[in-house]
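Put the two chains together into one complex; each comes in its own frame, and the hints tell you how they fit.
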Amino acid sequence: MLGLYVHIPFCSAICNYCNFNRGLFDAPLKELYVAALLREIRAAADSSAADTIYFGGGTPSLLEPPEVGAVLQACRESFDVAPDAEITLEANPETVTSERLAGFRAAGINRLSYGVQSFRDEELQRLSRLHTAERAAEAFAMARAEGFDNISLDLMMWLPQQTVAQWRESVDALVALGPDHASMYMLEIYPNAPLGDAMARGSWSVAPDDDVADMYLSGLDRMDSAGYVQYEISNVARPGRESRHNLKYWADGEWRGFGCGAHSTRGGVRWKNVSSTAEYISATAGRGALVSERRPLTPDEQLEEALFTGLRLSAGIDLQAVKMRYGVDVWARFGEELHPFVDERLLIYDGRSLRLTRAGMLLAHEMMTVFIRSTVR
Amino acid sequence: MDQAYIRNFSIIAHIDHGKSTLADRFLEHTGALQAREMEAQVLDAMDLERERGITIKAHPVRLNYTADDGNKYVLNLIDTPGHVDFGYEVTRSLAACEGALLLVDAAQGVEAQTLANAYLAVDNHLEIIPVINKIDLPSAQPDECKRQLEEIIGLDSADAILASAKEGTGVHEILEAIVARFHPPTGDPNAPLKALIFDSWYDPYRGVVVVVRVIDGVLRTKAKIRLMATAQDFEVDGLGVFSPKATPVDELGVGEVGFVVANIKVVADAKIGDTVTEVARPTTEPFPGFKELKPMVFAGLYPVESHQYSELREALEKLRLNDASFFYEPETSAALGFGFRCGFLGLLHMEIVQERLEREYGMDLVTTAPGVLYRVTTTDGEVHEVDSPAKLPDAGRIAKLEEPVITAMILTPTEYVGPILQLCQDKRGVQKKLEYLKSDRVLITYELPFNEVVLDFYDRLKTMSRGYASLDYHVTGYWESPLVKMDILVNGEPVDALSIIVHRDAAYERGRALASKMRELIPRQMFEIAIQASIGNRVIARESVKALRKNVLAKCYGGDITRKRKLLEKQKEGKKRMKRVGRVEIPQEAFLAVLKVGTE
Numbered sequence: 001m002l003g004l005y006v007h008i009p010f011c012s013a014i015c016n017y018c019n020f021n022r023g024l025f026d027a028p029l030k031e032l033y034v035a036a037l038l039r040e041i042r043a044a045a046d047s048s049a050a051d052t053i054y055f056g057g058g059t060p061s062l063l064e065p066p067e068v069g070a071v072l073q074a075c076r077e078s079f080d081v082a083p084d085a086e087i088t089l090e091a092n093p094e095t096v097t098s099e100r101l102a103g104f105r106a107a108g109i110n111r112l113s114y115g116v117q118s119f120r121d122e123e124l125q126r127l128s129r130l131h132t133a134e135r136a137a138e139a140f141a142m143a144r145a146e147g148f149d150n151i152s153l154d155l156m157m158w159l160p161q162q163t164v165a166q167w168r169e170s171v172d173a174l175v176a177l178g179p180d181h182a183s184m185y186m187l188e189i190y191p192n193a194p195l196g197d198a199m200a201r202g203s204w205s206v207a208p209d210d211d212v213a214d215m216y217l218s219g220l221d222r223m224d225s226a227g228y229v230q231y232e233i234s235n236v237a238r239p240g241r242e243s244r245h246n247l248k249y250w251a252d253g254e255w256r257g258f259g260c261g262a263h264s265t266r267g268g269v270r271w272k273n274v275s276s277t278a279e280y281i282s283a284t285a286g287r288g289a290l291v292s293e294r295r296p297l298t299p300d301e302q303l304e305e306a307l308f309t310g311l312r313l314s315a316g317i318d319l320q321a322v323k324m325r326y327g328v329d330v331w332a333r334f335g336e337e338l339h340p341f342v343d344e345r346l347l348i349y350d351g352r353s354l355r356l357t358r359a360g361m362l363l364a365h366e367m368m369t370v371f372i373r374s375t376v377r
Numbered sequence: 001m002d003q004a005y006i007r008n009f010s011i012i013a014h015i016d017h018g019k020s021t022l023a024d025r026f027l028e029h030t031g032a033l034q035a036r037e038m039e040a041q042v043l044d045a046m047d048l049e050r051e052r053g054i055t056i057k058a059h060p061v062r063l064n065y066t067a068d069d070g071n072k073y074v075l076n077l078i079d080t081p082g083h084v085d086f087g088y089e090v091t092r093s094l095a096a097c098e099g100a101l102l103l104v105d106a107a108q109g110v111e112a113q114t115l116a117n118a119y120l121a122v123d124n125h126l127e128i129i130p131v132i133n134k135i136d137l138p139s140a141q142p143d144e145c146k147r148q149l150e151e152i153i154g155l156d157s158a159d160a161i162l163a164s165a166k167e168g169t170g171v172h173e174i175l176e177a178i179v180a181r182f183h184p185p186t187g188d189p190n191a192p193l194k195a196l197i198f199d200s201w202y203d204p205y206r207g208v209v210v211v212v213r214v215i216d217g218v219l220r221t222k223a224k225i226r227l228m229a230t231a232q233d234f235e236v237d238g239l240g241v242f243s244p245k246a247t248p249v250d251e252l253g254v255g256e257v258g259f260v261v262a263n264i265k266v267v268a269d270a271k272i273g274d275t276v277t278e279v280a281r282p283t284t285e286p287f288p289g290f291k292e293l294k295p296m297v298f299a300g301l302y303p304v305e306s307h308q309y310s311e312l313r314e315a316l317e318k319l320r321l322n323d324a325s326f327f328y329e330p331e332t333s334a335a336l337g338f339g340f341r342c343g344f345l346g347l348l349h350m351e352i353v354q355e356r357l358e359r360e361y362g363m364d365l366v367t368t369a370p371g372v373l374y375r376v377t378t379t380d381g382e383v384h385e386v387d388s389p390a391k392l393p394d395a396g397r398i399a400k401l402e403e404p405v406i407t408a409m410i411l412t413p414t415e416y417v418g419p420i421l422q423l424c425q426d427k428r429g430v431q432k433k434l435e436y437l438k439s440d441r442v443l444i445t446y447e448l449p450f451n452e453v454v455l456d457f458y459d460r461l462k463t464m465s466r467g468y469a470s471l472d473y474h475v476t477g478y479w480e481s482p483l484v485k486m487d488i489l490v491n492g493e494p495v496d497a498l499s500i501i502v503h504r505d506a507a508y509e510r511g512r513a514l515a516s517k518m519r520e521l522i523p524r525q526m527f528e529i530a531i532q533a534s535i536g537n538r539v540i541a542r543e544s545v546k547a548l549r550k551n552v553l554a555k556c557y558g559g560d561i562t563r564k565r566k567l568l569e570k571q572k573e574g575k576k577r578m579k580r581v582g583r584v585e586i587p588q589e590a591f592l593a594v595l596k597v598g599t600e
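Protein sequence lines, in the order shown, are assigned to chains A and B.
For the first sequence, my numbering gives the first residue as 1, with consecutive numbering after it.
For the second sequence, my numbering gives the first residue as 1, with consecutive numbering after it.
Bound conformation, chain B alone (with noise of 0.2 angstroms):
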């Protein structure tokens, strides 16, 4: 197929600002899918997806356009995850693209996330066509929106376009503005096969499917291939386009993008930014960019009934023949028993895989509250990454300790930067850049430690801003912190799983506030529960919920017997909901307690 007429290209937007129905209206305008065999959102495949309105994955879709200058093209519309858990499947995604469409939604304007994606497409080179979406809109003011383009991204908003995906304006000259602004790929195909990774996942009949763009050469059926980042070779069974359904091909040139099945096991092994490569002539150099994908969140996952342990074993397993990012090992803890503790990209990957375990797989689980990846020096000179408080070696064989920083930016209205500046520095922020845009808007960006984003940062500032602030962050580095292990005691023994790594000046208020909220939490039992927050032997807040001194003794009406023994059932499949330590019964949101701390 002969490259100048290809175009790869991306949609980057903010979470409902249309990137999905513009890419139902490609696929209708250029026939690949007649609108009434479309299910609504197409490219949202996962169920999870469709319901939570973001796109996590979605297949790359190959367009036949015909142009209004004749020629037929193939544009490849290569989806971007719309998180910033995500952010470098992102970058992948880019860096197999000429070109990306900045989708902006005409009532909201530019967003953090839309921002920092941009910046992203800019860093990769690639060309950017703004589209002002959703200008049907009452509430739509393109004009502001072109302004925030010019001003925030420093993009030439004359070029912009404006369209509506709902009502299908404007995604005609969409097509043509691809078409003529964004470049055929550059690549040689006598080279050898280079092509870059993007996206796998695991297909239970054909085994992982990897997709990719190739860069140079050519990669054919029945070719013996290398992945470079982890020295395995494979035979390729399978090349094949998403038009949008898989379709077969022998071959794929220069600047095509499309699917490999080449019998690979685990996706683990075709891992997101590796390099493709022929064995008998393998490249010199791998695609730039490659990264191991760290997981940056972690918390435990415990079945709440003890005997679904292997249950829980399998289903991960299972999760994780998917999700290379997703880590998990056995963990044991003295609380809950046994489980795991598991690693993910962000909270709402955390979110995603706790709800997949719930709904696909039937588990019915307690988390922990997560927490980041430590760095600690002991006193002997060695360096341990440390995932969870219980790991923490004690006070005193610590040298150092260090946590991981990001660097937000947060795109806000004027009106709430007095508090957002408050809440960066409650959350021990070190502040960077503070730009007053003219459009009645601040760029702020933030060195924040992770772990108090973790927490409840993303709550607080949608809170504070009445969900008009957003935010954006990359992890940048590491700090070091006086930070301290501090404990739960429940009737005097460490509830291990309630332990945070913590501030040393904040530990004395998030103590005081965790204890309080356990006292809420803990139903009263039949003795008195004593809670204490320690940081070593120290005891830094204590709270007790006292005995429970009565259950309600009601009339029994005339001998009906199962009616009490119904509501005992009741009583009894309410405890079973709970998680015994010693003898006292913890009810599960217990232990994401530490949350919920101050956020009401």
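So that you can see chain A by itself, here it is in the shape it has in the complex (with noise of 0.2 angstroms):
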């Protein structure tokens, strides 16, 4: 079943860590985008199946309510939304409203996402984040007061100054908030990013890697106790909570993404669109190309990434299914190389799956690599 990704790459300001495809709010420019994203979306008709929508950024929840609505409803017009469709929108919690949160309610919104990151102002304002703690805590009451019944809030460790200690008061504040389903990444601060100048003028640093490791299993763990469970590495939700969209990323599925930047994968190929906005448009208006990279994927390189992907998830690599799928019987492949790994405690294979141990699950790349075999360009 096929995950549908809309794109927006508006922003109220630009987050000094931050290196996805966005850039700051426009409203002429924001009207002329989702016109352009209806256009695409109905280009695209082709009445598959799909059963998740998911609205990223960017900050999606700076559009309007009927904007998402209409989104919505090229969505189901051009394709076979399930009535039990999951639909997400990302949301920063200083742009909602109660009204606001009701229009997207009622546009077709059933899950939302806070990108909250921390739940200490000095760390929100290191990120140069506009909301404050105790306004992500208001944001998720009133999402709870409109009905949303399916909230994931994210969280970042390894900020600036942070240390393992205050890492456990934000996911402390997390869980007393009690939301379904809860990110945990670790903050990359990219190569020329505005706050690696900030940390540089603030005299700021980060964790040492044993802490951070800390940070990660402590986190986890609290979440254990708190009635989360674990599926993928980031990921933690009520049982019967977990991102059927996301999913799709580590399950070797299909999406197929709208919006400028947007990935989808679809058939054995990858392909992505063009980053530019002002391109975007123009191209679906039928100037320029609209995809800028396509990558049709060889069968070695269609096996290397549903491993390395699916070894992302708490349940592992299914064995069998990856043997029926591709043919390829992978312990007979990589276990000579994956062994070690084993020995160590981080992989476990028990002749079904393969799949991390929490340990494992901080060193996943070192497995990952294991799978790569080829070189792309």
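Worth flagging that the hints you see were computed from the coordinates, not collected in a lab.
Careful, some of the hints might be misleading.
SDA-like mimics (lysine to any residue), calculated; alpha carbons at most 25 angstroms apart, straight line [stated by the list, open to error]: (1) Lys564(B) x Arg22(A); (2) Lys566(B) x Arg373(A); (3) Lys555(B) x Glu90(A); (4) Lys572(B) x Gly268(A); (5) Lys564(B) x Ala193(A); (6) Lys564(B) x Phe20(A); (7) Lys555(B) x Gln230(A); (8) Lys546(B) x Ala213(A); (9) Lys564(B) x Asn16(A); (10) Lys555(B) x Leu297(A); (11) Lys564(B) x Met1(A); (12) Lys572(B) x Glu293(A); (13) Lys564(B) x Glu336(A); (14) Lys555(B) x Ala137(A); (15) Lys570(B) x Pro340(A); (16) Lys576(B) x Pro340(A); (17) Lys572(B) x His365(A); (18) Lys323(A) x Glu569(B); (19) Lys575(B) x Val376(A); (20) Lys555(B) x Pro296(A); (21) Lys555(B) x Thr95(A).
Since the model is a prediction, treat every value here as computed from it, not as a measurement.
The following block contains the structure:
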């Protein structure tokens, strides 16, 4: 079943650590952009069955509820969207009001993912975020009040100046709110990020690797004891509330992305739309190429990517499924190289599946590289 | 050709004192090459030399010069390599000359290298004309240079010529002095042929090209010649001179310099310093001073990717065609797999070979720490030469262990004497002489274990003297030393490629420094790595690289799997550049860690 992704490249402010495809909010541009999205979605119509829709960004919650409604309408007209589809909107706490939330819900959104990042104001300030911890809690309460029963909160660890204890404070605060789903990532300061300069100016530092490992493990422990189940390296959920959309990325699924810089994977081909908002808008109107990169996967690449993404899942790689789909006995092919990881208790091989232990999740890349045998370009 | 009109000479100079520029001016001035058809510094033929600004081997050049006296002279400029690694080649080049220009940078003054080579020239009974170059520089101190020439080398500085090769000043004067002050070659044209080989190289079309200076007799095409050291006979296919382009001639008479092509297959057959004579009428005595060139510095060269082994062997074979002083033999390392133990004349020579392998042959190499040739007497009374720590017999079987010793001449401004003496002491040196010269310079002569010099002596000398001290050395013998083999163990397993031979008293400190350097160089891996330095069974230092606990688990943006993949490919590529020893991935630079210990 297909997942649909809709990219919204606008933000009210540019976070100093973010290198996703986004730009500053501009109302007239946004209107042109939404119109372009509708054109792209309609042009792609093929009535395929889809069971998730995900608005990612950027800050999708900057859209007006009727705009979200129009996009969803276009999706339903163009694809066979299941009645119980999971329809997620990424939202920043400072952008929502009860009215807007009610509007999103009425438009069809049934899952919210708040980019909270931290429940400590000084950390949020260092990240140049616009909200406070209090505002995040309010936004959560408002969403509950408007009937959202599937809310995810994002947290980041390894923030500038953050200690292990301070990270735990944020996790505790998250648990106290009781969301249905949580994502926990490590902040990666990409080269030339403005945050890098801010860190230099403020003489900020980040925790040593061992502490970050402790952050990760203690955060997950806390979530375990609060009744959440880890289903992916960076994601936990109450049973049944796993992100069905994101699972497609890891479980060798298919998705169709709309919007500038959106990625798609279908029929063994990965492709990406042009990144620039302006070029995207023109391209949907027939001027210029819409797709900027297109990569048909070789059978080997398909297998390799199915394996390294599958390893992110707590359930791991279903060896029988891989054998059925690719005709490859994974352990026969990679077992010799993987064995040391099994010995180190980073990886579990039980004959049916290959899955990471929690210590192994922290070192996932070490094992994922084993599967990479070819080089793309 | 009338030998009275021949002058054979060299230019002795320190690196960067302007030798190549002066040679270029000679070419211009004598019309050998028009300025516009000259690429800067024609004499430095190899790319590598040009980049490093040092001359390893340049063709001799024949200059046709009409002097002020109206006579036409043939001036043969014979190049001398500019580095201590090639000291023997310098002596052979000088032996082919009657005179030498001693070129000194007016701003830098006399350096140890100049000094050493000037002594060599004096020993070879060469007439010396001092030339003070770069007098156009604002910082030029020609009077100071003159004082140094008199005081340090003992030359009469009144005869010194002031020049600026860059601007062309003094060039004519130098050429006139060459004609007037250098002697023509003496030699008997009717005596049996005797010619000195002072250079040779491999040419893919003509085979080995041998460069000779005729001492006695005449060398003719089609002559049957014998190379005396190797006792091999060849027929001369062609003779020629470099003017500077290769130009064929029918014969080379007494005092002439030129090249011989005689279907010689490998340069090892035409050894530098060997004598060429005629089979039919051989000379009784070869030209004196021939020595077999022996490699002094040894290191293991391994392909990073084991499948490149045969490629590496082919590359070494090709290099060896052109460089008889370089030696290699297969070696197997438990840590690094199949590779070669290679011998070099010195560290620069080693670097040149390494660089050529990487650049010209596209090899990706792991080099082990360089060492010297030890002499081991075992308890059964046999003497062995040991070029690798791995070949050192067990301590119980060693009756006597000797290491090569060099005599080093260090010339330095007085202010750095203290630290330099300390360095020499630290390196187990024995002071031989300490001469304070009037010109605020000190000439320090030390005997030092060659091994210590190979490690990091030169870098440290340069650092502590801010580049002012200069060094020249010759291997002068062996002395007995309490040396021990120190092993580095990674996760309990000795890594043979990391073993070194070290003085007992320095072992503890070296071991600690080495283990700690290894800890820095080996990246954290998924298990803890123990690093130990040990002598025999005794562990003298230990360090550990803690287990890696995390990779960065960042958010995946909207299903961009390609980006994740590229990240993993990059990580995998990084691992490929490491050598796997047991379960541990060791980066290439770790195998040279011993060189880096204590230098920063």
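A quick look at each hint next to the structure:
| no. | hint | result |
| --- | --- | --- |
| 1 | Lys564(B) x Arg22(A) | holds (20 angstroms) |
| 2 | Lys566(B) x Arg373(A) | holds (12 angstroms) |
| 3 | Lys555(B) x Glu90(A) | holds (14 angstroms) |
| 4 | Lys572(B) x Gly268(A) | holds (24 angstroms) |
| 5 | Lys564(B) x Ala193(A) | holds (19 angstroms) |
| 6 | Lys564(B) x Phe20(A) | holds (14 angstroms) |
| 7 | Lys555(B) x Gln230(A) | holds (16 angstroms) |
| 8 | Lys546(B) x Ala213(A) | holds (13 angstroms) |
| 9 | Lys564(B) x Asn16(A) | holds (22 angstroms) |
| 10 | Lys555(B) x Leu297(A) | holds (23 angstroms) |
| 11 | Lys564(B) x Met1(A) | holds (23 angstroms) |
| 12 | Lys572(B) x Glu293(A) | holds (23 angstroms) |
| 13 | Lys564(B) x Glu336(A) | holds (24 angstroms) |
| 14 | Lys555(B) x Ala137(A) | holds (23 angstroms) |
| 15 | Lys570(B) x Pro340(A) | holds (21 angstroms) |
| 16 | Lys576(B) x Pro340(A) | holds (17 angstroms) |
| 17 | Lys572(B) x His365(A) | holds (9 angstroms) |
| 18 | Lys323(A) x Glu569(B) | holds (24 angstroms) |
| 19 | Lys575(B) x Val376(A) | holds (17 angstroms) |
| 20 | Lys555(B) x Pro296(A) | holds (24 angstroms) |
| 21 | Lys555(B) x Thr95(A) | holds (22 angstroms) |
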